[in-house]
Amino acid sequence: MAIKDIKVYYKKAPVFIFGLILPTFLFFAFFMGRNLDLRTYYPGFLAMSLFFTASSVGPLITPWEKQTGTFERLLTLPVSIPVIIMGDTLAGAGFGLIISGLVFAFGLFITPFEIGLLSLLTLPLLFALGNLCFAALGVLLSSPAGPVPANIMMLSSLVRFPLIFISGVFVPLSEMSGAFLGVTMLSPLTYLVDGFNQALGNEGVIPMAIDLLVLLSFTIAFLLAANHVLKRKALKGL
Amino acid sequence: MHRPLQGRSQSPFISLIVISPSQVHRMPAIVAEGLTKRFGDFVAVDNVSFEVPEKQFFGLLGPNGAGKTTTIRMLTGVLRPEEGKVFIMGVDMDRDPLKAKSSLGVIPEVGNVYPDLTARENLEMFGRFYGLTRRTRSERAAALLEELGLGGREDEPIKRFSKGMKQRVSIGCAIIHEPKLIFLDEPTEGLDVHSRRMIVDKVKRMNKAGSTVVLTTHNIEEANQLCDRVCIVNRGNVVALDTPSNLRSTFEGARSVEVLFDRPVECSEFSDQCITRVEEKGNKMRFYTSDPDEAIRKVMKVRGEKGLTILELNTLAPSLEDVFVKLTEAPQ
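Line by line, the protein sequences give chains E and S.
Going by this note's numbering, the final residue of the first sequence carries number 239, and the count climbs one at a time with no gaps.
Going by this note's numbering, the final residue of the second sequence carries number 381, and the count climbs one at a time with no gaps.
It cannot be assumed that every hint is accurate.
Quick list of simulated restraints, FRET-style, between CB atoms [said to hold, decoys possible]:
id, chain 1, residue 1, chain 2, residue 2, range
1, E, 124, S, 113, 37 to 45 Å
2, E, 204, S, 206, 48 to 56 Å
3, E, 236, S, 144, 38 to 46 Å
In silico lysine-lysine, DSSO-like type, Cα no more than 30 Å apart, as pairs [stated by the list, open to error]:
id, chain 1, residue 1, chain 2, residue 2
4, S, 251, S, 148
5, S, 134, E, 237
6, S, 148, S, 134
7, S, 148, S, 229
8, E, 237, S, 208
9, E, 8, S, 212
10, E, 13, S, 212
11, E, 232, S, 229
12, E, 232, S, 257
13, S, 355, S, 330
14, S, 251, E, 234
15, S, 257, E, 237
16, S, 148, E, 8
17, S, 350, S, 330
18, E, 13, S, 208
19, S, 229, S, 253
20, S, 208, E, 8
21, E, 234, S, 134
22, S, 229, S, 104
23, S, 333, S, 375
24, S, 330, E, 232
25, S, 333, S, 347
26, S, 104, S, 347
27, E, 234, S, 208
28, S, 212, S, 134
29, S, 355, E, 237
30, S, 104, S, 251
31, S, 330, S, 375
None of these hints come from the bench; they were simulated from the model.
Bear in mind the structure is a predicted one, so any value in this text is a computation, not a measurement.
Every residue gets a Cβ at the ideal spot worked out from N, C-alpha and C, and that includes glycine.
The following block holds chain S by itself, in its conformation from the complex:
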């Protein structure tokens, strides 16, 4: 007589393993390992490394000439690094560039589209480049044109469009194949408010829908609002890599007191040990300090001496722009 084994499966070859979703290791969308690029003797990017998890909104910031565009060009396969590796969705960009690029949607810094073609023709052509069928690219092009506010002008040549409209077409061309990873190199530079908001909203929706976004921008406030994590580069090196709030909290010296007086006052009136810097922000004055209490005392002292009236007074935590300026200022 056969008896089943107690507490164990009868077959030695079957096991059941249960893994919770949080335990599944997610492959990063981007892995940049030791990226280095030289142009002659000039080192544009020097040993830059970072990872971008999937679905993250990642900001790449830096002053002009910091190496942002060169870094983006290496990540998107336009430039080959002299040293280092790039992995896009786990695919080595050097070994299999076509497969890696098929996961990308890119709007380069000069991300123009073909001016002699219509908006619809541009979108469908890029859809063809990404391997979409005729029906798919036609349907998606129509939907994107409507969503991007170009309905009614889809069959006009792009050369008649404003800069903002051209950029909307450019975005459409980059996302028609619904990429998992989108690179935006200064997408809102020089655009009017309406176009900028439309583009920002669209990119936010795409990130919420699951796409990883890498944004380079000079608009620090935009990066602050949109990005989950920012990487600040300067002179080809990574100088900071963290969430905007963590970066702000590490710079206590960049806290400030903002005051609106009833009349203009000379900055030199407020020179004091506790105030590291004074800036005029429109009609307000901002006093940078590591000790807001002492700074306010100084302000009140000057107020009393000069007979000023304070119309507004705020204490401010460091902004991301303050952090950015601090990290990228030229050495004295």
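The following block holds chain E by itself, in its conformation from the complex:
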């Protein structure tokens, strides 16, 4: 299922626009002409680009398949809904991993970070869990979809954009307090930002083990929710 998604959806325009161009544009819009310390903000940007790219494939798949008529065919195959969900998630995670890997490599080139033992152990976990978590979020957003991809792309933008402003990407977590910090803790992106901060030598706010555990928990929750919703809404629009 993931291979099918990779072959079909990686080349779609919305994936490039919402997954690549948009976060790059946001980063440059924020940092251009401002004398900001890249070391401080780079982990947040890395998390943001991973967030956007991993969650850009999932919202497209189900509505696009319903529009082209292949979704009903998928339901007649000896493939269960959980397998469909997992395949779509892996496709999104794969895309996110490739792009975020490139961004990470680029970041190492322009701002050399110290990669210690902790980083070597935690970075792969953060990349894997982060990509899975946000790919699952993308799949969850598309699971109630009808056959109109544009509707779901709008919904996913409505969900994703606020998250990047409350998750420590543009305002360091260490500078947040009070109720705003409370809201921040509800966002899964917060834990990825914090994890990348610690892995790349900056100060973290939350213990790394908690960051990883929460990301895992959100991943499982998104997958279970997507499974539940898609089972009920599979025939919507058919």
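With chain E held as given, fit chain S onto it using these hints.
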């Protein structure tokens, strides 16, 4: 001294039983028991039951909105019935859907394939979904592409194909795993003659080779020619289930006399008790009757009165289309 028992096996535990092939009970390919499906207050399918033996070519006919597609969706596991059960090759679709679906090849009503992939990629991908090994799906894909007239275009994206070619790829995707049971939901709708004939021939060959085929179609003549048995549904209910010839023979009132006159004639000229309906079929006129002899007498009478010349005259048994129209016409 031991003496062997006469006329009986020495061992009490060995028996030899011979069964002829005709005595072996064949499991039906499909068992539909009391299928019911509602969408809110609307009952789309109401207590539909039938069995389809293995290797049969089975037609499911009905007007638009009769419940055919909903029934097919329940049989193929896309929809869960609210009441009733589906068994595919003896496997309960509700309890073990994956095993049941592995026996199926399905072309849904909107049975598209992936337009951004090539014909070969589509076939091999579906082969992968059905668990075929790489070598098997590659070999079968190549053979199917050749057989379906797509040789030379197997590596072009589907989006460049005509509707008929896309449907051929769709059929290939449904049969690459050589299923025992194939569902075809209006497979020749809107296709050119060549594509339609190719698809029909392929499906006939598969049925002859042992696959059970379930066909839904609006082309009644196609169903008449292909199907061993037809089920006619209307308003969610089964209104007829029999062979096409049996169905035709039960509708004596749908016999007709077809006449070609040398010039057009008003239908109203032929109003008579013995003629239940008059239709124009191209340049011919068809008079429906339960008594062809009386109908011909009436035609001859009008011919004499109007000075007409009869160029052709045929008496026709009811067609399956006539039966279908009779069974599914709206109540007066």
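Hint numbers not upheld by this structure, sorted from lowest to highest
1, 3, 12, 14, 15, 24, 26, 28, 29
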